[in-house]
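Enquirer: From first to last, the protein sequence lines are chains A and B. Going by this note's numbering, the final residue of the first sequence carries number 616, and the count climbs one at a time with no gaps. Going by this note's numbering, the final residue of the second sequence carries number 616, and the count climbs one at a time with no gaps.
It is possible that some hints are incorrect.
Where chains are identical, the list cannot tell them apart; a pair therefore holds if satisfied intra-copy or between any two copies.
The calculated DSSO-like cross-link candidates involving lysine-lysine, where the alpha carbons are at most 30 Å apart (straight line), are [unchecked claim]:
| hint | residue 1 | residue 2 |
| --- | --- | --- |
| 1 | 71 | 248 |
| 2 | 464 | 416 |
| 3 | 256 | 161 |
| 4 | 191 | 47 |
| 5 | 161 | 251 |
| 6 | 248 | 34 |
| 7 | 165 | 248 |
| 8 | 251 | 34 |
| 9 | 151 | 581 |
| 10 | 251 | 563 |
| 11 | 464 | 563 |
| 12 | 251 | 270 |
No lab work stands behind these hints: they were computed from the structure.
There are 2 protein chains.
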Amino acid sequence: MKEQKPITIHTVQNGREHFGEYGSCRNLLEYLSKNTPFRLTALCGGKGVCGKCRITVVSGSPSAPTTEERKLILPEALERGVRLACLTVPESDLSIRLEGEKELFGNKEDRFGTPLPVDRSIHSVVVELPPPSLDDQRSDHTRLLSSPSLKGIEFPPALLKELPKVLREGNWTVALQVLDHQVLSFHSGSKLVDAYGVAVDIGTTTVAVYLFNLNTGEHLGTLSELNAQQVFGADVISRIQFAQEGLKNFKTLQEKILMQIDSMILHLAKINNLRSTTICLATIVGNPTMIHLALGLPPENIAQAPFIPVTTESLCLSTGELGLSLSPGGIVLIPPAVSAYVGSDILASVLASGMAEDADTTALLIDIGTNGEIVLNDNGHFIACSTAAGPAFEGAEISCGVGGIAGAINSVKPGKEIAFTTILERAPVGFCGAGIVDLLALLLEAGLVDETGRMLTREEAMHKHLSFASRLTAVEGEPAFELVPARESDTGLPLSLTQQDVREIQLAKAAIAAGIRTLLNRIELPYAQIQAFYLAGGFGNYLNPSSAIRIGLIPRELEGKIKSIGNAAGKGAALSLVSEKAYSLFRSIKDRTEYIELSSSPDFQELYIDEMMFPG
Amino acid sequence: MKEQKPITIHTVQNGREHFGEYGSCRNLLEYLSKNTPFRLTALCGGKGVCGKCRITVVSGSPSAPTTEERKLILPEALERGVRLACLTVPESDLSIRLEGEKELFGNKEDRFGTPLPVDRSIHSVVVELPPPSLDDQRSDHTRLLSSPSLKGIEFPPALLKELPKVLREGNWTVALQVLDHQVLSFHSGSKLVDAYGVAVDIGTTTVAVYLFNLNTGEHLGTLSELNAQQVFGADVISRIQFAQEGLKNFKTLQEKILMQIDSMILHLAKINNLRSTTICLATIVGNPTMIHLALGLPPENIAQAPFIPVTTESLCLSTGELGLSLSPGGIVLIPPAVSAYVGSDILASVLASGMAEDADTTALLIDIGTNGEIVLNDNGHFIACSTAAGPAFEGAEISCGVGGIAGAINSVKPGKEIAFTTILERAPVGFCGAGIVDLLALLLEAGLVDETGRMLTREEAMHKHLSFASRLTAVEGEPAFELVPARESDTGLPLSLTQQDVREIQLAKAAIAAGIRTLLNRIELPYAQIQAFYLAGGFGNYLNPSSAIRIGLIPRELEGKIKSIGNAAGKGAALSLVSEKAYSLFRSIKDRTEYIELSSSPDFQELYIDEMMFPG
């Protein structure tokens, strides 16, 4: 038998390249997940049915397209090399391209009003040391500490490893970055160099890393990727279950996310021409499950009543404890959380919204993801809850739902022909949350879905709205409204909203609306007194407020007060990275927040049933 | 082809057992070094010529003895199953036994005047917490910190991982060990448990771990093993060279020693029925190279002029930083050193000797290993130097030299027939340092070696000492004195002292004697004023002071003042483990020690040549 040369895969995404050996993977999806930092959405878990793990083969010989691929990919796209990673096997070295993630995630959320207000007391100290000789044999460490400019400043042992090299390369002159009274990083020579930091937002679906100059507050770049843990479960509960199946799984989840964050930091450093060791401070926010998994803390008690996290306290760790490629003397700040389902990401959003600095304005903040977290301020005091809304507004558990990816239908406008738009104006691939809300609002308005959520049959609808009624079909025996026919969609399949989809939305919106009312009832606050309604998270980016009000997700009384604040969690993490004051405020928000457990609130149960109906 | 069942090796040493798969090792020496915590001496590096990697095969089929083994092992021993690990391959599952290490290292050094004086402010705190409920969802961490008894006490994040289990298993009652204001360890329930600690002495040849009760000062056990790094070089310079050959080597050295220490701690915990997590404090001493390698600090500047260590400062590390199986909240103290060749082991010996507490007594301390480190006290001030004496007194570089192992000749007494003793009264296998000094003193006294170190030929010696002269032979063309004929030695080879051996001893003793004189000259102190002469280290255990004086290793003026203090480094490490005050004294000894670099001292060069002659 001739020995086979190993097959090499060259992967490019947004100019970021990776070379690897294909080895004995079953398909390109497995290869990408196991061997590269790149992640693809694969909602069906690689079964070849969801059509979401699309890649483009740029050169080389892949296996021939399967029947499933021919169903899910338009012929022109197949012609261009578009394939499903889960069904494709290389037959030679391949060069493949993935959709740029920045494009995928819309980009809106990346913008910061930079530079951010900086107040970390980071300063540089340049020290010139006498070189050692047989008459002066002090150790490198003793020599450095003997410098009068380092009096009272702590030099962490983790930096010792690099000390001999740094001192000798700089001919016994060294520049140190000092935060408060601790050296964070150092380098050879007398050139003053700024210190850098990263803010990290670990979402269940998406991980975002933001790079900042800690001296100027300037935002240098953002990288966001799908969370590498996704292959082990789409939501927090399934990840916790996976972790509980054994210590190996638990460790895998921690490794996956830390390696991903590390690789993202290295990439950001590289494209900004920074040595990763000049990055010396990090803040990491996320929901409590994501934070537990990243820190290697057992998450199981989060998933079962009475829902107790290991910690909600703010922590200050060394980079070594997490094995991140920052300066070995660097510090990782883990901001506090409130409870098992109201994490540092929500507090970061509150911080970013400005609610905490404006106690006089009564405001609500809501972040709709798999759970809907809601925070109400009340004269400088906060009340928070988390509703198990489910991931419907993220496009999951919706038959044609997708995340905020290119080609996702993000708005639907009524009219004779019904118009819609897609993200990046690509051919439509499915509905993202905003598109679903728009379409459902339109169907309610047209009477094709009634107050109880029942979708009319075509016959029943004929007298309500003739042109729309013609789109009423049936998918697997249940009523469905077809917005995009098969021939016009990029997947080659019709894009419809089904009766079941309407039910999912109905449950989700009821949970959120009831959560809002529970908080207000707690302090007997009428809707009218709410002065601002902040909508955090990607979902809010495209959401049409009037549609959200039409389906009863947001109370009508809040019309005109709604403000979408994008990825506020990331912004809050960034603020507390560059500003000591902001981080103090972060911690004080936590101290001032009261958590309401909805699962044991009789009030909530009643309101939930109430809110199940759609507004008339 | 039939699939082969993997071969299992069962290894026993001092009742400590290990099972492992042989795999694809080349021989049992490689297997033991790669897969087990046990170490064998293999001076020739596994080439089958030194005969020192002896094991006993208890059951199973090993390969047939090779010609080399038949040369190096007596037939009766071969019969008993004695083999050389480097030449033996298993042909079936084997059970093998190694010489007990405690026996090997003589045991004298293990004795402490226990209990040691304890003053660490370790105390236990028992906390009963209200269990969580849907009405009290505080995190485990917040719940614990809310206890009034933990006010002002720090709970290290490294303990969070275990917190949920510990709280729930103890039904929300937990006992914590607190040192100063920091929790070191904890366990479920209200039972008060003592805290334990280990003192570690990393020698180039031997690693010793001492287990203590930190509440009572009681010494619970000692384990000593050959340093697992030995296969990479016998002395510090060859280890540094190995480390310099590449990052992988450097990391291997660190891993080897940390894994060995960890496995020794686990073993001591097990035989004392302690969970390793109740061990929460460690002190680690050693020569600077050993400490650098254990901490992963680059050692190369230690090996080249002007001989600069990375650090000589005392360090306080977390157990996590070294990956040791102590309590995850435990602390590892690294006491300070003086210079590249006067390490924390020597300062620990000074501490153990009591010199620092008795400033009025002028005393010398000397530790003879590969280097001879010498410390002189002078009214509370110390002067130290290190002489590159070479390892002759450890039995290395001596043709029939061995360490202090069973069967080593440790004393030689003149008389008609020359009598000698061996360690544990085993059949003789070679000379340890004390035996070499005795024999050389005898030969000098008998005139068979002259003042210049020349060994007489048999013809020249005939008129000097007839019965001794008959033992003068030639080994590979050079004069040699045969003490034990081949038929009486356990190795089947004659045991002789050669002309070259005498030269090695001559250089070594000159270096040490000149070092002592250099220190005395520095403060113009005559020998007569020295009131005490402490001999630290294993070499001192068996050394006959009058022989040491006869060969000029120790000045005649010190006769009657010599005190062997055994493994003082280990004792000093133990004292500073159990006593805060002792650890302060340790650091103050460092601050009061002046180092004299002999390589640049013209004084020393001259004295070295002076001391080359043997006393007449």
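Enquirer: Sort out which numbered hints this structure fails and list those numbers smallest first.
Expert: Hints 1, 4, 10 and 11 are the ones this structure does not satisfy, whereas the remaining hints hold.
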